[in-house]
Each structure stands twice: as C-alpha cells, then as structure tokens.
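Following the hints, complete the assembly by docking chain B with the ligands onto the known chain A.
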Amino acid sequence: MRGLSLLQAPPFIIVSGFFISASLFWFFGSLLELCSYLKDLWSLPLYVHISTIGFALFVMFGALFQMLPVVAGAVIKEPKRKAIISWLLLLLGFSLFTTGFYLKNYSLIMVGSSLLLAGVLFTAFLFLYHLLKLKSFTPTSRGFKFALAFVLSGAVAGFLIALSYGNYTPYSPWLLHLHMVLMLFGWVFLLIASVSFQVVEMFFVARPYPRLYAMNFPYFFTPALLLALYDSIYTRVPLLALVLSHVLLTLHRLYTSRRGFADKSIYFWYLAFLNLLVSIPFFLFKESFLYQFLLSFGLFFTILITGMSLRIISFLVWFHLSNEGAKQVPLMSEVIGEKLIKACFFLSLLLTISLHTLSFHRMYLLPVVIHIILSGTLSLSIIKGSLLYFRLSPLYNAS
Amino acid sequence: MFSITEYLTDEHRECDELYAKVERLVSEERWQEAVKAFGEFRDETLRHFQKEEDVLFPEFEGRTGIVMGPTQVMRMEHAQARELISRMGEALEKKDKRAFLSVGETFMILIQQHNMKEEQILYPMCDQHLDAPEVVQKMEAL
Ligand SMILES: [Fe+2]
Ligand SMILES: [Fe+2]
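In order, the protein sequences belong to chains A and B.
Numbering-wise (our numbering), the first sequence opens with residue 872 and increments by one.
Numbering-wise (our numbering), the second sequence opens with residue 1262 and increments by one.
It cannot be assumed that every hint is accurate.
To be verified - Chain B stretches covered by chain A per the calculated footprint, using a threshold of three residues with CB under 8 Å from any CB of chain A:
(1) 1280 to 1294
(2) 1351 to 1364
(3) 1380 to 1386
These are calculated hints, taken from the structure and not from any lab test.
Heads up, the beta-carbon is just placed ideally off N, CA and C, and yes, glycines get one too.
Bound-form chain A, shown alone (with noise of 0.2 Å):
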C-alpha cells in the first residue's frame, strides 16, 4: 500500500527541503537586509531577489513537485533525484548571487545567475515536459504550462542582464523591465491565478470563477502580457485590467465563502490580494512609484505564500503519516498549531501597514525588525512541523 501512495504523492523531503530553504533564506535575507541598512549599503536587486528567488521562487518549485501529480496528474519518475539537482542548483547559485550583490563582486554574481539560470531551466523544463503531454481538464494545470514558459523567458532576461553589468552584452533599461514584467506577472501573478481558481472554490466553498473565464485566463493574459512589454503606460492597462478582474473576483468570492473564516488561511489570501490591488495603480504609474509598486507586489505574494506554506506543511505531515501507517498522526493543528499561525498573520499585518506608511518616507528600520520576526516565525514553524514528521515516520524510524 505505501508504495502506492508515494506512486502520486512524492516524499515529504522534497516538499519540506524546498519550504525550509526558502524560508531560511527569507530569514537570513531579512537579516542581510537590516546589514546594509545600517551600513547604507542601499542595494535594490538584493532586496527584491531575496524575497522573489530565495523566498518565492523555492516555494513555488516545491510545491509544483507536490501540486504537479495532485491537479495536473503529472508524475515525475524518482522525483527525489531531480529534486536534489533542481534545490543544488538554485541553492549554490542564490547564496552566490546575493553575496555578489551585497559585496559588490560582479565574478560572484556571474556564477551565481549562471547556476540560478540552470537551476531554473532544468526545473521549468522538467515541469513541462510532464505536462505537455497531458490534456489541461483544469485551468490551474493550463495555467502551470504559460505560467512556466514565462519564468523560462524571464530567467533568461535575467541573465542577460547579469552579462550586462560585466559589458558581455549592451545594458538597456528595457531589458530590465522585460524580467520585470515576465516574473512578476507572467509567472508569480500568473501561477497564484491559477492555483487561486481551484483553491478558492474547492478548499473555501466559494463560488467557483466563471468557468470560461478561468479556463481561457492564460488566452487573454498572454497577449495583454505581451503587449505591456513594450515599456508605456498605455500598453500596462490591459494587463492591469485584467489582474484588476482577477483581483475583484477573487475578493468576492473570499467575501461570499460558505466556511466564513473557519480556515485561518483566508485571512492571508484577503491581506494578500488587498496588497496585489494597491500595487495596480502604483505599476501603472511605475515611473514614479516603482519602489511602492515593488513593495505592495512583494507583500501580496510573500503573505499568501506565508499563509499557503503553513497549511502545506501541516497537511503533507498528517497525510504522509497516515499513509505510512505511523503510530501517532498528529493533526493540522497540532503540528503548527493555531498560535503560530495567528504570530505570521499579525506579523504580515503589521509588515504591511507598516511598509505602506513608512516607505514614503523612506523610513525602512522598523519594516526590517518586523521581517526578521516575521521570517524568523515563519521558518520556526516549518522546520517544527518537518521535524515532526521526521520524528514519527517509520521510513524514518526502524521500529
């Protein structure tokens, strides 16, 4: 039987390898952070690739090697394997790239994003060579497939950049803004979109998003996505319009839940998606407000994956367990338990307001202070709740 299991659900290592490691990063990001804040040592790419690689971007990859088998019946053979080079890769290749930025060493940031493209090449391509050959019943698996060909083009971007600050390749400001728009919306927007379509109906009992609209999302987005890469305000509008659409549906749906907030996740998805709306009008005027476009961006998909990894965490332990015939199975609850839960919410809460008001100002040390509690928390939860398992496994426990 426990055979079988594994057949669909891939070991909790890989899961909870990816989940630990993003979060440490974000952790030890954050720390790093309030280093070159006190030193004045202002550097904007390594505070956003802290949060988007070391935090999103582990995540994201983990749970696909979880989510790819559950809504897209996709099943990648020894799994453990590719999982190993795909977290070495981006492992090796972001603690090198982060050093380069925060010491101003372009050779590390060269093998850094060198790796990191690798990294992200590998894991994108083994993704979709999975689900390429399958039939998308599912507008969270249709998603996947653009939401992945985009982080393939934005990592290419990236690293054409990379090449331009040691003069391989002319620098232009458009390039910039070609990785800028291709993750941030052609993947991160996108593949919260997508997994949203599924989650919100099924896990809130809410109402579904209309059928034709989920099901042909990535069919207007593309375009609308395409057209805002030519770098005016006009050709944003859109693309806006339609995060805008996603947005509002989104909001209506959590609003209208049958289980109210008896799942304490909804609470990051409505913090979440409230910042993914103030962010709009902060893009479309980007030339003046990019920074407060980045930071309201970054608070949407850095609370609803804070929010998501809990509930992943927890559940993986409890099914896994159970499948395995253990001993004791702990539930969700006790194994990152509610007060945790509601310390990463208040955090993210406090995260964000604080952002909002302060950053105007300029005014980044108490922000920093509450990312460190904030990822702090958060990694002390997860690496709890993995421990856990660990613990009461019999893969784990010769009995």
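Here is chain B with the ligands on its own, set in the frame of chain A:
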C-alpha cells in the same frame, strides 16, 4: 445527460456545502442543529464514496485493466476520510468544538486534494473509456 465528470463533481460541491453548514453550526455551538446537519453531510459523503467504490472504480478497472493505479489510491483516501468523519462524529457527541474543528480542518484539505485528483485525472479518464449515461444511471440506482 450528464458526463461522469459533471455528475460527480456536482456531488463534491454539494458535500462541501453540507460540510460548511455543519462547521458553521458547530462554531456557533448550535449543537442540536449541528448533529442533524452532520448526519446529512456524513450520509451524502459516504453515499458518494460508495458510488465510486461500487460502480465507478470497478467499471474503470474492468475496462482499462489498471487495478493497482489511481483507483487504489482513491480507495485508500476514502478510508482515511471515513476515519476522520467518524472522529468528527465522536467530537460532536462530546460537544467538543475544538476537536471537531481541528479534525474537520484536516478532513477538508484531504478531501479537496482528493477531489482535485478525481476531477482532473480520474473522471475525465472514465468519461473517455466508459459509457457515461450507463455508468451514471448505475450510480443513481444505488
Ligand atoms: Fe473519491
Ligand atoms: Fe469523488
């Protein structure tokens, strides 16, 4: 006439609605109504499992010859769900709100990821390989 996917997906959503109702009543500590609503939720869910286990899965296995595949995983998850449902029932008898909501939370995630697999993978495969009207009729007749 419904496809198998439509017919059974509708049942998933109905069961979700029924669960949401019990959950709300329990959190408001309206125990008597909660017991009644729980009965409806449990019966509906178990009947749905039975339709799958007694009609759909054997038909699928017979037609495709895949016996130790997705249907076996689905059966195992039904067993896990049944166990959680009976624990919810016990918590309800004891009027233990905390225990009920805590078991319910785990149940809800289990059943949703289970339903996702059925709706994306198993049901479309069944529609492809089986005579949908006939199978739906057999399930209705249970
Ligand atoms: Fe089922
Ligand atoms: Fe079902």
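Hints, one by one, checked against the model:
1. 1280 to 1294: Result for this restraint: holds, n = 6.
2. 1351 to 1364: Since 3 is at least three, the answer is holds.
3. 1380 to 1386: Coverage by chain A holds here, the residue count being 4 at a Cβ distance below 8 Å.
The earlier numbered hints are all upheld by this structure, with none contradicted.
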